[in-house]
Amino acid sequence: MELYGKDLICTQDWSVDELEAVLDLAGQMKQSRFSPKYTDLLKQRTFFMVFYNPSIRTRQSFECAATELGGHAQFLEPKSMRLKTEASAGETIEDAAQVMSRYACGIGIRVLENSINAYGEGDDLVRQYARWSTVPIVSMAHDRFHPCQGLADIQGMRERLGNLHGKKILITWASGSLTRSACSVQEDLLVCSRMGMHVSLAYPPGYELDPQVIQWTRENCKNNAHDFEIIHDPFSGYEGADVVYSRNWMSFQAYGTGTLDKAGEIEKSLSHPEWICEPERMSRTNDALFHHPMPVDRGYEVTDDIASGSRSIIYDVAENRLHVQKAVMALTMSAP
Amino acid sequence: MELYGKDLICTQDWSVDELEAVLDLAGQMKQSRFSPKYTDLLKQRTFFMVFYNPSIRTRQSFECAATELGGHAQFLEPKSMRLKTEASAGETIEDAAQVMSRYACGIGIRVLENSINAYGEGDDLVRQYARWSTVPIVSMAHDRFHPCQGLADIQGMRERLGNLHGKKILITWASGSLTRSACSVQEDLLVCSRMGMHVSLAYPPGYELDPQVIQWTRENCKNNAHDFEIIHDPFSGYEGADVVYSRNWMSFQAYGTGTLDKAGEIEKSLSHPEWICEPERMSRTNDALFHHPMPVDRGYEVTDDIASGSRSIIYDVAENRLHVQKAVMALTMSAP
Amino acid sequence: MELYGKDLICTQDWSVDELEAVLDLAGQMKQSRFSPKYTDLLKQRTFFMVFYNPSIRTRQSFECAATELGGHAQFLEPKSMRLKTEASAGETIEDAAQVMSRYACGIGIRVLENSINAYGEGDDLVRQYARWSTVPIVSMAHDRFHPCQGLADIQGMRERLGNLHGKKILITWASGSLTRSACSVQEDLLVCSRMGMHVSLAYPPGYELDPQVIQWTRENCKNNAHDFEIIHDPFSGYEGADVVYSRNWMSFQAYGTGTLDKAGEIEKSLSHPEWICEPERMSRTNDALFHHPMPVDRGYEVTDDIASGSRSIIYDVAENRLHVQKAVMALTMSAP
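Top to bottom, those sequences are chains Y, P and S. Here our numbering is used: the first residue of the first sequence is 1, the next is one more, and so on. Here our numbering is used: the first residue of the second sequence is 1, the next is one more, and so on. Here our numbering is used: the first residue of the third sequence is 1, the next is one more, and so on.
Please note: incorrect hints may appear among the correct ones.
Identical copies carry no separate label here, and so any pair may be met within one copy or between two of them.
The calculated lysine-lysine pairs, modelled on DSBU-like cross-linking and capped at a C-alpha distance of 35 Å, are [unchecked claim]:
1. K37 <-> K222
2. K30 <-> K262
3. K262 <-> K37
4. K30 <-> K222
5. K6 <-> K30
6. K268 <-> K79
7. K37 <-> K6
8. K43 <-> K268
9. K79 <-> K6
These are computed hints drawn from the structure, not numbers from a lab. Since the structure is predicted, the reported quantities are computational estimates derived from the model, not experimental observations.
Work out the full structure: start from the sequences and follow the hints.
Here it is in C-alpha cells:
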C-alpha cells in the first residue's frame, strides 16, 4: 500500500485498509511517542497550515504533530496572503498551491462556514488546492468533512470498546449557543459506518445533513449488514447505545443567503433545550461512552457530570488528534 | 530538590533554594549557551504560550528559549481559542487546560490589565489553569506577578554587584505615557527582599501597590534583618542606593470600574514630571546601577544618558530573560 | 571573503564577488537541499522576521529557510511590539534592536508603502535597525529594495539562459489592480545591470522610479559596456528581449500626501489596459522567458497562457527565494 503523496479530504475517499494503516501507526505512535523511529520522519520539513478560519485544537495538534516528527508547521492566515477573491485582485489558488508545493512537504487547509458563501464552497476550495498542489493536501476541517477528527474518534472508541463491529453509536444534535459546522458529525457518520457500527442519527426537523453523506452512510451500513436509522426525537436513540455523540450543528439554511446568520441560528438552537445528553437518558444505554470533538458547550450539549465522568472519552479523543495526524503526515508526506 | 512538574506563578511560592537552583542553571546556560548539555532538554516538545495580551520581550524570549532547548513554542491567542467568557459560549479552562496538557510539556500564560475587569482576576485565571493542567504553568506576566522578570533582574544585578545581601535597591514610580501593570515591580519587591536587599519603595500618593505584596516584602526583609521603607518623594530614596529601578505603573483605581481608563491614567501620570531618574539624583547614590525591565519610556522614566550609560544593565537583564526561562523550563518541564 | 555579520539591504551595497558567493551556495543548496552540510548551519538559532507589512512568499520562504538550516524563524508584527511612533509612546529602535541582537542570529525587516508616510522612510527604518543591531539585518522587502528577490531572479534566469552577459531584459510596467511597491523592480534594475545584462525599462509617464536607482543602473550598465534605455511605449521594448518582466508598480505620487491613495492608484493603473504582456508582443522577442516575482495579476499584467507557459519561470524563481535566503543566512549568520 502506497500512501505517499495522497490527499486526505474525507475518509470516504480512502479504502478501509488505508484507514487501518493510519490507525495502526497512530496506535504505535501513542505507545512510543518520542521514539527515534518517528522523530526524524519530517526532519526540517515545512508543513503549511492555511487557516481560513481560526481554530483551537486543530492548530495546537497539527503544529505539535509537525514538531514531534522533526518538522515545522507554519501558521498561515489567507487574510495576509493576498489571495484572489470575488471582491479583490490577488493570487490564484493555481499559483499559490504550486509555489507552496516548492517549499513544503504538505499543506493543511481549514475553511468553515464564515469564510464561504454557501455550503460546499469549502470542499470545492480544498479540492482546488489538491488539483494544483504537488504535495499532499489534508483537510484540517472544512464545511463538509473533518477526516482527522473522524479517525481520532475511531481510535478513541476502540481504546475502550475494542472492535467496533456491531456496536451502536448515537449521533445526536444538541441545543446550545456554540453553534458550528456539521463537518465532524458528517465525517463520523461515514467513518463509523465504514468501521461496521450501527448508526443512529437524531435531530429535530430543520437540521438535515448533506444528502450525499446520508446516502454514503446508508450504503456503508448496508455493505456491513448493519443498521442506519434517522430519528427525530431526543430520547429513543439512547436505547442500547454503546457510544453517545451529542453535539450542536448549524442548519444548512444558515448558508443560503450568502450572509451567515449566526445569531438567528443560536436563537433557533436554544429553542430546543430538551436536546441535551443527561444522566437519565444515559442510563438507558449499554453503559455508553460519551464522545464529543470539543470544545464542549457544557450545560447545553451535555451535563457536566457526564462530560467529566469516567465514561467520557473527550480528552482521549482530543489527544488522539495528535497521534492520528502524525500518522497521516508520516504516511503521506515522509519520503519512503 | 525536585522541580519537575512545578508551576511558577510567583517567586514567593518557591523556596530560596529553589530560586537559587534556577539562577545557578541560568548562569551556566549563559556561559555555554548552545552546549549539548542543554540543546536536547525539550527535544521536539511543545510549549504553549497563551497570550491574552500581546508582548514584545516575553514572546521573543520564551519562543527563543524553547528553540534553544530543542523544542518549539506555539504562539496562541485566546481570542482565536473560543474560550468561554461571561459574554459568550465557549470552552472552559477545565477543558482547555486538560487537553493542552496532552500535547505540551508546559504552558505559559500572559494576562494583563486590559484583558480583565478587576485587579486580581489575572492571577485567578493563571491559578485556574494550574488547577486543571497536568503540566507546569509558568506566568509570562500577569496582573500581580512576573516571576521570570524578577529572576532575570536578580541575575543581572548579581553579574555586576556579586552577593546582593545588604545592598540597597530603590524601586521608584516614574512619570510617562507608557503606562502599564505593576507586576514586574511587585515581583521585584518580593524577590529582592528574599535575596537580602534593603528595599526602598517610592511613589506619589495614589500609586499604592497590592497590600499582600507589601506585607510579604516587609516579612521577607524582617527575616533577613534588612530594611523596607516606603517614601513619597522622588528624591530621598536615591541616597546610598546600589540599584535604581525607575518605572511607571498604573494605579489600581484604573481597574475598578470594569473599563480600564488608560487615557485618564496617562494624563494623571504626566502630571508628575518630577518623578524621573536623572543624573543629579544618580550622583547621590552609591554609583548605582540603572535597572528597568523594558520597554523604557526614555525622557520620562529616565534620561537618555542614564538608560544608555555604562551603569545601565537593561540589555543584560533583557538577555537574562532568555537564560532564566530556559532554566525554569529545563528544571520544571524536562523529564528527569 | 568574509560575509559573516554583514547586512543585506540592497544588492548594490555588496560586491559582485559577494553576490556570486551567495548564488554559488544557493545553487548547491538547491541541488542538495537537505544535505547534512547545511542542516545544522543555524542549529537552534532564532531568526526574527519583523513584518511591518504582511506578506505571502516572503514569510513562507524565510520561515522555511530557517527551518531547513536547523533554526527557527519567529514571526513578529510591530503592531504587537509597542514600538515608539510619532503618535504613541513606546520602545525606540535603539532599544529594540539591541535586545533582539541578544536573542537572535539575524533579523529580517519588511516595511512597505502602507506602513510609512513617504517614499524612503522604509529604507531609513531598515538602516536604523542596522545601525543598532549587532547581528545582520536582511531586507525582506522595503520601499526601495528587495535584495533576496533580485538574487532569486538572477538564479532563475541563469538556470535557463546560462551566463547573462549581453542578454537583454525588458522590465515593463503593467496595468492591474494589484498595485504595489516598485522595490522588486528597482532591485532588478540594479542587479541585472551588475550582472551584465542590457536593460530596457518601459513605463507610461507618471510611473518614474527612484532617480538614484536609475543613476546606479546607468553606471552599472556603462561599467559593463552594455545598454540602458528608458522607453514610454508598451510595445517596442519586446524586440529581441531574452527576458520579459511585466509587473505593476504604484507611482511615487501616491506617497506624497502622507495618506496612501491606493484606490486612486488602482483607478489610474486600470486606465492603461494596453500595458499587458501578451503573445503577439512575446513573438517579437528572442523566445523570451517570462518573469514575475508573484503574486501575478493574471489577465492584467500578463495573459494566462504566458504566465502558465513553458517559458514562464515564475515558480522556479519563487522556489529560488528559499535557496537564496538560505545561502544569505548561512553566509552572514552562521558562525564560521
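Each hint, compared with the structure:
| no. | hint | result |
| --- | --- | --- |
| 1 | K37 <-> K222 | neither (39 Å within a copy, 56 Å between copies) |
| 2 | K30 <-> K262 | neither (38 Å within a copy, 49 Å between copies) |
| 3 | K262 <-> K37 | neither (46 Å within a copy, 53 Å between copies) |
| 4 | K30 <-> K222 | within (33 Å within a copy, 52 Å between copies) |
| 5 | K6 <-> K30 | both (23 Å within a copy, 25 Å between copies) |
| 6 | K268 <-> K79 | both (31 Å within a copy, 25 Å between copies) |
| 7 | K37 <-> K6 | both (22 Å within a copy, 30 Å between copies) |
| 8 | K43 <-> K268 | neither (49 Å within a copy, 49 Å between copies) |
| 9 | K79 <-> K6 | both (27 Å within a copy, 34 Å between copies) |
The structure fails to meet hints 1, 2, 3, 8 from the earlier list, while all remaining hints are met.
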